[in-house]
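Enquirer: As a plain string of letters, each chain reads:
2 protein chains.
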Amino acid sequence: MKIGIIGTGMVGASIGSKLIELGHEVKMGSRTANNEKAVKWHSVGGANASQGTFADAAAFGEIIFNCTKGDGALDALKAAGEKNLNGKILVDVSNPLDFSKGMPPSLYPALSNTNSLGEEIQKIFPGAKVVKALNTMNCLLMVNPAMVSGSHDLFMCGNDEAAKAKVTEIVKSFGWTSIIDLGDITAARATEGILPIWVRLMMKYQSPNFNFKIVK
Amino acid sequence: MKIGIIGTGMVGASIGSKLIELGHEVKMGSRTANNEKAVKWHSVGGANASQGTFADAAAFGEIIFNCTKGDGALDALKAAGEKNLNGKILVDVSNPLDFSKGMPPSLYPALSNTNSLGEEIQKIFPGAKVVKALNTMNCLLMVNPAMVSGSHDLFMCGNDEAAKAKVTEIVKSFGWTSIIDLGDITAARATEGILPIWVRLMMKYQSPNFNFKIVK
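Chains U and V supply the protein sequences, listed in that same order. Residue 87 in the numbering used here sits at position 87 of the first sequence; the count goes up by one each step and never skips. Residue 185 in the numbering used here sits at position 185 of the second sequence; the count goes up by one each step and never skips.
Be careful, since some hints might not be right.
Pairs involving identical chains hold if they fit within one copy or between any two copies, as the list cannot separate such chains.
DSS-like cross-link-like pairs, simulated, lysine-lysine; straight-line CA separation at most 27 Å [claimed, not checked]:
#1 Lys-204 to Lys-166
#2 Lys-216 to Lys-69
#3 Lys-216 to Lys-18
#4 Lys-123 to Lys-37
#5 Lys-204 to Lys-172
#6 Lys-172 to Lys-78
#7 Lys-172 to Lys-216
#8 Lys-88 to Lys-69
#9 Lys-216 to Lys-83
#10 Lys-216 to Lys-204
#11 Lys-204 to Lys-123
#12 Lys-2 to Lys-40
#13 Lys-172 to Lys-213
Worth flagging that the hints you see were computed from the coordinates, not collected in a lab.
Chain U on its own, in the form it takes in the complex (with noise of 0.2 Å):
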């Protein structure tokens, strides 16, 4: 499958290499169509590994995944383009972290509550299916859940039910077993305001590598 990578960070390289280790054809991309992540990611990745800007990367995928920070987001999407994304898949792994006030970062006011990143996406490209998904661990456990051991859960949600059984079929290759459907994309407000508690976890344990379980 063609897929596209919005973002060349370590969220972007961490799924961007999954993909193409397991098969897929990944275009990154970036601001600019020379970006040096991206580029050494390309020299990297073989083949099926290539790079260009956020509309090359958008135009390429038949399904995007938005790997930038939150801060970023709408305005890497928006250069991605709309056309690039109507009618496609987009996976929103961003979370909308506010680090200006310092550690541990806040939620933006405008993007928490009664919004959330993940909707203003869908709101904005209403032609793209926005499945809101991976964006509640760290990069390296989204494409290896067995880091943590034992069963933990992978929270996704979004509108469109025929995308998000397609992002669950791509998470399972990932190694993902437990993934929680919350309903549509409102509840990305859900997902997104988790992270405050992860940052403050990180912070306590020195360690990214733990996940939520939700025990019944």
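Knowing the structure of chain U, use the given hints to seat chain V on it.
Expert: Only chain V this time, still in chain U's reference frame:
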């Protein structure tokens, strides 16, 4: 030990009844001295159960539990009286949930992101030793962790180490074995912040009988 409970709802009744069962003396406080629920609770609680106003309960307790709904917490504690809270452990079980915009509730903007209800209470009552705990689960589970199978977690935070140690002792007497101390009272932002996902999960499972576990 003498314990005051602020609030006569299900949370206050659950915690109050458990404390009575464990041999403590408990006074449940309400807005008026003859609150129907508190009188009923008194009548079934035996010799160690009593009831009165918020101020009566706070004056009585060596430790106070704030079991009010979030939107009434500050008013109830102001009615309880600063002088009745000074120097005492104040266990804050409440959450700043705003139901005015329908279900699921959101958090009040002024009490989220860079603030929290736990912090606001600590600011208004600087002489109290506020410990945020038990606010991330159903009230029956608070006092009976075995309702949910296996190990699962209770989050705690507060500025006073000795106060947290005392509250840890109390929740251990409720049956809790895994208590995660997240640090000072600013971590209330993090534990209150998981209420939105808690509510979504409760709606999904049509049951409040679940809890969070951090898996490493």
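Enquirer: Okay, which hints does this one fail, numbers in order?
Expert: 4, 6, 9
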